[in-house]
Amino acid sequence: VVEAILAHPSVMSTVDAVLVNYYPHGEGIPVEQAIAAIRTWYPQVAAVAGSKPVMVSETGWPSCGDRIGEAIPSPDNAAFYLLHFISWARVHQVPYFYFEAFDERWRTAYEGPQGACWGIWDEDGNLKHGMESAQVGYPTRPARSPAR
10 VVEAILAHPS
20 VMSTVDAVLV
30 NYYPHGEGIP
40 VEQAIAAIRT
50 WYPQVAAVAG
60 SKPVMVSETG
70 WPSCGDRIGE
80 AIPSPDNAAF
90 YLLHFISWAR
100 VHQVPYFYFE
110 AFDERWRTAY
120 EGPQGACWGI
130 WDEDGNLKHG
140 MESAQVGYPT
150 RPARSPAR
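Note that the numbering used here has the sequence shown beginning at 10, numbered continuously upward.
There's no promise every hint is true.
Stated by the list, open to error - Below, computed lysine to any residue pairings styled on SDA-like, alpha-carbon distance capped at 25 Å:
id	residue 1	residue 2
1	K137	F108
2	K61	I77
3	K61	Y119
4	K61	F89
5	K61	I14
6	K61	R76
7	K137	K61
8	K61	W97
9	K137	I81
10	K137	G59
11	K61	N86
12	K61	I44
13	K137	I77
14	K61	E79
15	K61	P82
16	K137	Y105
17	K137	F89
18	K137	W50
If you are wondering where the hints come from, they were derived from the structure by calculation, not from laboratory data.
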């Protein structure tokens, strides 16, 4: 997506905002290099966008599944990516949607084994190992339903 945006900057005149999905695992980028990669492409896209807002519309790292290149899914790597991505986004005031809140088993049919492992919480609503480091100042267990 980034390459297409940079190759066709004239599209910016037709949009109100730029939303970029970024899945470094799917690109085979090692977790230790994932934020360095976003530090490279985000300013390039922002420059082409001009005054239009640029947000990360989806990003995440799976806690299980298949290795792709040097990208290894694991609970530790998922927590590492979450903490470092959120830290980067806060410092640079970049709006984002983190993918995703809960694990969903049905995704394996479409995405392979890692499809079930994108959540910050497991299917039962338990915060996954290591994810608490990015939750400082936030509740560590989501509410199941609104209080009445």
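Each hint tested on the structure:
Using a Cα cut-off of 25 Å, the hinted pair K137 and F108 holds, with the two alpha carbons roughly 14 Å apart. Among the hinted pairs, K61 with I77 is inconsistent with the structure: their alpha-carbon atoms are about 33 Å apart, more than 25 Å. Between K61 and Y119 the CA atoms are separated by roughly 33 Å; this puts the pair beyond 25 Å, and the hint is violated. Distance restraint check for K61 and F89: the Cα-Cα separation of roughly 30 Å exceeds the 25 Å cut-off, and the hinted pair is therefore not satisfied.
Distance check on the hinted pair: K61 and I14 sit about 13 Å apart at the alpha-carbon level, within 25 Å; holds. With a C-alpha separation of about 36 Å, the suggested pairing of K61 with R76 is violated against the 25 Å cut-off. Taking the CA atoms of K137 and K61, the gap is about 35 Å. The hint is violated against a cut of 25 Å. The suggested pairing of K61 with W97 holds, with an alpha-carbon distance near 20 Å, which does not exceed 25 Å.
Only pairs whose Cα atoms come within 25 Å are accepted, and K137 paired with I81 is accepted, the gap being roughly 17 Å. Straight-line distance between C-alpha atoms of K137 and G59 comes to about 38 Å, which puts the hinted pair past the 25 Å bound. Distance hint between K61 and N86 is unfulfilled; the C-alpha atoms sit about 32 Å from each other, more than 25 Å. For the given pair, K61 sits about 22 Å from I44 by alpha-carbon distance, which is consistent with the 25 Å threshold.
Taking the CA atoms of K137 and I77, the gap is about 22 Å. The hint holds against a cut of 25 Å. A C-alpha spacing of about 34 Å is found between K61 and E79, which places the hinted pair above 25 Å, so the restraint is violated. Distance hint between K61 and P82 is unfulfilled; the C-alpha atoms sit about 34 Å from each other, more than 25 Å. Among the hinted pairs, K137 with Y105 is consistent with the structure: their alpha-carbon atoms are about 21 Å apart, no more than 25 Å.
Taken as a hint, the K137 and F89 pair is honoured in the structure, with Cα atoms around 12 Å apart against an allowance of 25 Å. About 29 Å separates the Cα atoms of K137 and W50, which puts this hinted pair outside 25 Å; it is violated.
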